[in-house]
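Q: Listed below are the residues making up each chain.
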Amino acid sequence: DTAVSQTPKYLVTQMGNDKSIKCEQNLGHDTMYWYKQDSKKFLKIMFSYNNKELIINETVPNRFSPKSPDKAHLNLHINSLELGDSAVYFCASSQDSAEAFFGQGTRLTVV
Amino acid sequence: ELKVEQNPLFLSMQEGKNYTIYCNYSTTSDRLYWYRQDPGKSLESLFVLLSNGAVKQEGRLMASLDTKARLSTLHITAAVHDLSATYFCAVDRSNTGKLIFGQGTTLQVKP
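If you're matching them up, the sequences are chains A and B in order.
According to the numbering used here, the residues represented by the first sequence are 9 to 119, in order.
According to the numbering used here, the residues represented by the second sequence are 171 to 281, in order.
Honestly, the hints are just simulated from the structure, not real lab data.
Errors might be hidden in some of the hints.
[Claimed, not checked] Here are the computed lysine-lysine pairs in the DSS-like style, where the Cα-Cα straight-line distance is at most 25 Å: (1) B:K173 / B:K268; (2) A:K44 / A:K60; (3) A:K48 / B:K268; (4) A:K49 / B:K173; (5) B:K268 / A:K60; (6) B:K268 / A:K49.
The whole structure should be built from the sequences, with the hints applied where relevant.
A: Structure (structure tokens):
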């Protein structure tokens, strides 16, 4: 069983579209995250939710909106996609701020 | 602002050789992590270092932490091709689960 799973794995879309990435974890962790990895492999945190409550919101455009319907799910919705949004987005989870476990990533390409 | 710097960023080495990757961070931190990423894949947790002087070993990899020097090292012993990957260190400054990543070190082990 996959511990942290994201869908879709690949996403190709046109500029201006709205898209969502879904994430689910079956580890029973209380905290979930979204990270962005750019073309140079640099990883940066975007958001963190603890028990459905937003606790970290880095400097991310308002076009990005996370939603956590329950403790095991954290989705990322992106409005009005731009070329610069192309990246790999990783979902992760942890318990009590300990070691984070990452999903397989979603490669978003905006054309 | 916490900054995490790794060096080298790229390392090409022959099988059987030893080498060390360095991870420096700019402010006091409680937790340091090492992750491995294969091309196009997720991040795999390698080591969690929680205290000054901590040393952990797994196979040909050994990680250590010196919180006074704000330095962690990842030592590779007798490298093999299977170790080829990108290695990231990450620091959680305030036990929030928010990981600040280094730039990554891409290791290429040649036969």
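Q: It remains to establish, for every hint, whether it holds in the given structure.
A: Outcome of the hint check:
The straight-line distance between the Cα atoms of B:K173 and B:K268 is roughly 13 Å, inside the 25 Å bound, and the hint therefore holds. Of the pairs offered as hints, the one joining A:K44 and A:K60 holds, with about 20 Å between alpha carbons and a cut-off of 25 Å not exceeded. Proposed proximity of A:K48 and B:K268 is supported: the alpha carbons are some 20 Å apart, at most 25 Å. With a CA separation close to 16 Å, the supplied pair A:K49 and B:K173 stays within the 25 Å bound.
For the hint linking B:K268 to A:K60, the alpha-carbon distance of about 16 Å falls within 25 Å, and the restraint holds. Among the hinted pairs, B:K268 with A:K49 is consistent with the structure: their alpha-carbon atoms are about 18 Å apart, no more than 25 Å.
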